[in-house]
Amino acid sequence: MKEMLKKIWFGRSIRHSVLYALGLGLLFSVPRALFLGWSALFMTLPVGIFFVYPILLTLINLIYIFIGKNNSQLRSLGRKFEYITICLGILYTLLYLPLTNIVFADWPEPLYNAQVHSPIWTAGVPTVAVLSLLGAAGYLALSTIPLKKTPPLLTVLSISAMYLGIMQCALWTFQVFAPDWRIWLCLLPVNCILISIKVIRQKINEWGEESPQNTKIFSSPFLSRINLWLSRSSRWPIAAFLLAWPLLGIVIAILVLFGQQPDSLVKAWTETSDWNLSQQISPQNVFYDEHYLCTVAAGGHRRLVKPLRMGERRGHPVIVNRQLCIANAFEQVLEERLPRLHRPIRAFYDRYGFPLARHIHSPYAADAIYLLMKPLEWFFLAVLYAVDVKPENRIAVQYLPAHSTQAPSDPT
140 MKEMLKKIWF GRSIRHSVLY ALGLGLLFSV PRALFLGWSA LFMTLPVGIF FVYPILLTLI
200 NLIYIFIGKN NSQLRSLGRK FEYITICLGI LYTLLYLPLT NIVFADWPEP LYNAQVHSPI
260 WTAGVPTVAV LSLLGAAGYL ALSTIPLKKT PPLLTVLSIS AMYLGIMQCA LWTFQVFAPD
320 WRIWLCLLPV NCILISIKVI RQKINEWGEE SPQNTKIFSS PFLSRINLWL SRSSRWPIAA
380 FLLAWPLLGI VIAILVLFGQ QPDSLVKAWT ETSDWNLSQQ ISPQNVFYDE HYLCTVAAGG
440 HRRLVKPLRM GERRGHPVIV NRQLCIANAF EQVLEERLPR LHRPIRAFYD RYGFPLARHI
500 HSPYAADAIY LLMKPLEWFF LAVLYAVDVK PENRIAVQYL PAHSTQAPSD PT
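Counting from 140, one number per residue, gives the positions in the sequence shown under our numbering.
If you're looking for bench data, these hints aren't it; they were derived computationally from the structure. Be a bit skeptical, because a hint or two may be false.
So the derived label-pair ranges between C-beta atoms look like this [to be verified]:
| hint | residue 1 | residue 2 | range |
| --- | --- | --- | --- |
| 1 | Ile377 | Pro249 | 46 to 56 Å |
| 2 | Ile377 | Asn415 | 25 to 35 Å |
| 3 | Pro265 | Leu198 | 26 to 36 Å |
| 4 | Asp402 | Lys513 | 48 to 58 Å |
| 5 | Ser359 | Pro237 | 47 to 57 Å |
| 6 | Pro401 | Thr232 | 22 to 32 Å |
Below 25 Å or equal to it, Euclidean Cα-Cα: the simulated DSS-like pairs (lysine-lysine) are [claimed, not checked]:
| hint | residue 1 | residue 2 |
| --- | --- | --- |
| 7 | Lys342 | Lys219 |
| 8 | Lys513 | Lys445 |
| 9 | Lys342 | Lys406 |
All of these numbers come straight from a predicted model, not from anything done at the bench. For glycine and all other residues, C-beta sits at the position ideal for the given N, C-alpha and C.
Input sequences plus hints: build the corresponding full structure.
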């Protein structure tokens, strides 16, 4: 009866799993539709496919760890779910990344607004990538090559490689786990861990069922004795754990020859900031303002735009240069002495300055705006010297925290 229920539940399970995800997506969309209108039901498809289905696949992979060991049909379905999980997991991860504000930059580099540094030290990426690929190679060898054609020693070596991959998945999961969009980046490594556990359990059970009588004889007596000792599959997990350490040492030694540091495996996770395993403190993020002069001061080449210091605008840190301070001081004078003229000028700036700032995506664009603003900067400076008793004092205090509270309009 138990096996019958399993077949009913998991037969045609790939198609049904998608339908279940869409159904749950519909269930989650109904409350939104009651408050936001029935147009919210159009969110059913993306919610079901991109958010519910990954969770459903995770549950399926978890369940398959405990079932299907003695059922070839369920094992076959499990392999299909493995491939679906890995392929969709890579796709979903690429789609989730833009939601997390992660920038491929190390901790010393200042970032802007809500951006966060890379969760992996960029110089240690090759070490993490090689160990992850080694784990993937172990999985492919173990899941695709029949046990009858594989000596126990090579099987244990594949499991050892998978252990190294599991270690990288666990480190990534612990590193990025947070109660926000970043939690979705944990789904692929968590599923890789579940799939690895399932494959190892199934292969151990499969070897025990077949109980091959003829064990491969190596030319080396030492290897032959080890191979004979490993003929009992219950010894594989601990043997693979012991073999994983020399395998890791060999991989690190090879990576050192290619320029990696011996401790890159550890520093890849600790030489970071903003993450759970991080040991470094990055500079405070700069508020990358939508006003184009603030954007120019922060984004242009330093030799040209000449940033002076950090300032504060509406509670956010901004990079300040002299051009920005002069423009802000000029607008302050204009607001004080000619408020009727200031309002239409301010409206014009708000209308065209914001869209312009959104198109400044490179230092060269910021440099061009800086140079184009030079004649206006000189005009603003001339006006300040003509009407203000202490123009340089007014310029110097722009965007200082104590002064920002006295400038409610905070123009530029």
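Hint check results:
1. Ile377 / Pro249: 46 to 56 Å: Holds: the Cβ-Cβ distance is about 48 Å, inside 46 to 56 Å.
2. Ile377 / Asn415: 25 to 35 Å: Holds: the Cβ-Cβ distance is about 29 Å, inside 25 to 35 Å.
3. Pro265 / Leu198: 26 to 36 Å: Once the Cβ atoms are compared, 34 Å apart, the range 26 to 36 Å for leucine 198 and proline 265 holds.
4. Asp402 / Lys513: 48 to 58 Å: Holds: the Cβ-Cβ distance is about 49 Å, inside 48 to 58 Å.
5. Ser359 / Pro237: 47 to 57 Å: holds, 53 Å
6. Pro401 / Thr232: 22 to 32 Å: Taking Cβ atoms as reference, proline 401 and threonine 232 lie about 29 Å apart, which means the hint holds.
7. Lys342 / Lys219: The given pair, whose Cα atoms are some 16 Å apart, holds under the 25 Å limit.
8. Lys513 / Lys445: Given pair lysine 513, lysine 445 holds - Cα atoms ~13 Å apart, limit 25 Å.
9. Lys342 / Lys406: Violated, at about 34 Å.
Violated hint: 9 only; the structure is consistent with all others.
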